[in-house]
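Participant: Residue-level listing of the chains:
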Amino acid sequence: MTVETRGLTKRYRMGDENIVALDGVDLKVDDGEFISIVGPSGSGKSTLLHIVGCLDAPTDGEVYLKGSRVDYRDKRSLVLLRRHFLGFIFQAYNLIPALTAVENVEYPLYFTKGMRSKSERKARAQRLLALVGLEHRAHHLPSELSGGELQRVAIARALANDPALILADEPTGNLDSKTGRSILELLKRLSTEEGKTIIMVTHDLASAQRMSTVVEILDGRIQNRP
Amino acid sequence: MRELFSLASRQLMRKKLRVLLIVLGIAIGVAAVIGVTALGEGIRVQAVEQIKASHDLTTIEVSAGVSGESVTLITNSKINAIESSPHVALVAPYVKDSYVTQNNTYLAVKGIAAEYRQIHEQQLQIAQGSWFAEAEAAGTPVQVVLGYDVARRLALVEDLDVGDELVVKLRLYGEEGRPVDKRTTFRIAGTLESTGDEHDNEVLMAVTNALELDEKGSYDGLIVKVDDPAFAAAVRERIKDLGLSAHSAQDVIDEVNRLMVAVTLVLGFFSGISLIVGALMVINTMIISVFERTREIGLTKALGASDFDVMKLFLAECVIIGVIGGICGDLFGIGFSVLIDLVGKPFLVSALGGSIGANLEAGSITIVTPTILVAGFAISLVLSVVSGLYPALRAARLSPLDALRQL
Chain E
1 MTVETRGLTK RYRMGDENIV ALDGVDLKVD DGEFISIVGP SGSGKSTLLH
51 IVGCLDAPTD GEVYLKGSRV DYRDKRSLVL LRRHFLGFIF QAYNLIPALT
101 AVENVEYPLY FTKGMRSKSE RKARAQRLLA LVGLEHRAHH LPSELSGGEL
151 QRVAIARALA NDPALILADE PTGNLDSKTG RSILELLKRL STEEGKTIIM
201 VTHDLASAQR MSTVVEILDG RIQNRP
Chain G
1 MRELFSLASR QLMRKKLRVL LIVLGIAIGV AAVIGVTALG EGIRVQAVEQ
51 IKASHDLTTI EVSAGVSGES VTLITNSKIN AIESSPHVAL VAPYVKDSYV
101 TQNNTYLAVK GIAAEYRQIH EQQLQIAQGS WFAEAEAAGT PVQVVLGYDV
151 ARRLALVEDL DVGDELVVKL RLYGEEGRPV DKRTTFRIAG TLESTGDEHD
201 NEVLMAVTNA LELDEKGSYD GLIVKVDDPA FAAAVRERIK DLGLSAHSAQ
251 DVIDEVNRLM VAVTLVLGFF SGISLIVGAL MVINTMIISV FERTREIGLT
301 KALGASDFDV MKLFLAECVI IGVIGGICGD LFGIGFSVLI DLVGKPFLVS
351 ALGGSIGANL EAGSITIVTP TILVAGFAIS LVLSVVSGLY PALRAARLSP
401 LDALRQL
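So the protein lines, in turn, are chains E and G.
So for the first sequence, my numbering puts the first residue at 1; every next one is plus one.
So for the second sequence, my numbering puts the first residue at 1; every next one is plus one.
Among the clues, some could well be false.
[Unchecked claim] With a straight-line cut-off of 35 angstroms between C-alpha atoms, the simulated DSBU-like cross-links for lysine-lysine are:
| # | chain 1 | residue 1 | chain 2 | residue 2 |
| --- | --- | --- | --- | --- |
| 1 | E | Lys-178 | E | Lys-122 |
| 2 | E | Lys-66 | G | Lys-240 |
| 3 | G | Lys-15 | E | Lys-122 |
| 4 | E | Lys-66 | E | Lys-188 |
| 5 | E | Lys-188 | E | Lys-75 |
| 6 | G | Lys-52 | G | Lys-225 |
| 7 | G | Lys-16 | G | Lys-312 |
| 8 | G | Lys-52 | E | Lys-118 |
| 9 | E | Lys-28 | E | Lys-75 |
| 10 | G | Lys-16 | G | Lys-52 |
| 11 | E | Lys-75 | G | Lys-15 |
| 12 | G | Lys-240 | G | Lys-216 |
| 13 | E | Lys-122 | G | Lys-312 |
| 14 | E | Lys-66 | E | Lys-28 |
| 15 | G | Lys-16 | E | Lys-118 |
| 16 | G | Lys-216 | E | Lys-122 |
| 17 | G | Lys-16 | G | Lys-96 |
| 18 | E | Lys-118 | G | Lys-312 |
| 19 | E | Lys-75 | G | Lys-312 |
| 20 | G | Lys-96 | G | Lys-15 |
[Claimed, not checked] Partner residues aside, some chain E positions facing chain G, computed with beta carbon under 7 angstroms:
| # | residue |
| --- | --- |
| 21 | Leu-55 |
| 22 | Asn-94 |
| 23 | Pro-108 |
Treat the hints as calculated values from the structure; they're not laboratory data.
All C-beta atoms, glycine included, are put in the ideal place defined by N, C-alpha and C.
Can you build the whole structure from these sequences, using the hints too?
Facilitator: Next comes the structure, spelled out in structure tokens:
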């Protein structure tokens with residue numbers, strides 16, 4: 001099992017209001033599973049993704065990644081989890097404008113220096129770009145790529161450190177439906193062919209249902225999964 | 001490491017104008033410091049060269065040593081000790097006494113050894129008559145040579161010429177402290193050409209005669225000549241170890257060096273105030289850069305970069321700015337020094353005038369040494385890295401989630 005949460009709760013204050021973003025979420029995601037978390041705005045789905053992605057800490061409850069409990073007070077261990085275990089895909093792509101496509105894919109590898117030689121890293125970045133079908137755009141800057149191409153580069157980048165778990169936050173949110181569908185197909189392929197576990201947050205219930213297991217979340221509680 | 005700087009330079013390439021402006025800011029500050037320091041160094045070297053040209057650096061003036069209440073006299077044993085020291089070529093002892101003629105004309109008498117004449121061979125030229133011979137027996141007149149001014153004065157006032165004799169008095173103090181006047185007869189053996197220094201007002205005689213007359217038993221001074229100016233300092237130390245005091249033109253040079261280094265430091269420090277402007281520019285630009293790239297920092301941390309990794313990314317940019325600023329600063333500094341030389345020198349020459357001005361004209365009033373250039377480069381590098389520390393720390397401390405939410 002890649003991910004397990006037990007009684008995950010997140011509360012925070014916004015102005016004078018106490019907001020309960022997550023209210024005792026128990027979620028289990030198996031290895032190689034592709035699940036979509038669907039729910040309206042403010043349902044807590046992004047918060048769940050951030051906590052599992054070690055970007056945010058829960059108020060209560062526990063998260064287990066590959067069977068070990070995440071210690072949210074240990075900053076160094078969070079860095080190492082993000083570095084080696086997790087890959088992120090964002091709605092806004094978040095590519096670095098100064099770097100070309102292939103350099104963007106290589107970027108996370110700078111922080112795992114020593115693990116691979118420079119030529120290995122270059123080759124890996126090229127291979128990942130080929131995997132997402134963009135080898136011919138390798139030396140273009142983000143400003144020269146279309147939305148779909150940008151998201152493909154971002155997916156290749158998420159794969160750079162060979163993470164077991166990929167977290168995608170509205171990856172098709174900025175794309176037209178046809179391009180969005182091709183991105184979802186690519187993610188689906190990653191889970192079936194590469195064995196990646198994928199948790200995606202999305203608005204698009206219809207495509208999510210076609211591609212993945214859907215988990216509905218409402219008011220911080222999971223609706224359809226025991 | 002190379003990739004870190006390649007990443008940093010890619011980031012900087014995206015904001016060329018901004019980088020150009022900071023680099024200019026730093027470079028102008030560095031150039032101002034280099035220009036001022038080069039001017040100080042140039043004037044220092046000129047001053048030292050002038051001293052070296054007009055003074056003999058191989059001679060050391062030795063006088064009796066005084067420490068507290070006790071006085072170390074120059075005796076023959078001290079002279080022997082100095083003579084046997086390495087690199088000592090000549091030791092010339094002398095004795096100074098005050099005599100008065102019968103018409104109360106004051107005479108400054110100096111008893112000199114043969115070595116003294118050897119050392120001052122260039123200056124001491126006989127105009128009339130000849131050098132003195134030592135008086136052989138008591139009672140015979142003591143032969144003296146008159147300095148240029150003394151000879152003229154004695155000729156005018158007392159109508160004395162070469163070959164003439166004169167009776168003089170030397171005031172000594174008896175055992176019970178009573179003054180005793182001792183009478184002697186001088187015979188003028190010759191007169192000197194004008195030397196332009198203290199010899200014009202002196203009456204010279206053999207040191208053996210002088211010692212017999214004044215009954216002092218020790219010398220008033222020594223002139224020590226070394227075989228190579230490089231060893232002058234070592235010989236001086238040796239003489240000081242014997243309890244005597246020693247002076248040479250090096251003292252003046254040391255004094256000039258101390259003064260000019262202090263003046264240059266003060267001027268350099270104040271011209272360095274312009275560097276504060278450069279530092280503020282770096283801080284400002286880097287803070288803006290951190291704001292602009294907040295999302296990028298959040299992303300970088302989400303991808304597994306540690307706080308220190310993020311800090312390194314920003315500091316690498318500062319290092320590149322510092323290096324470019326240092327190189328430009330050095331180049332501008334050289335240009336600035338040339339400018340000072342071209343524009344400032346004619347002004348200084350006309351303001352100072354005379355021989356100092358003429359000497360300045362020959363050389364350059366600014367000297368840019370490798371040390372100055374290395375210092376200029378280092379200032380730029382340290383300045384931009386230190387200025388970048390706070391912005392880099394701010395970037396490193398951003399929470400990845402907050403940074404990613406930023407639009």
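Participant: Starting from the hint list further up, note which numbers the structure goes against and sort them upward.
Facilitator: 2, 8, 10, 16, 17, 20
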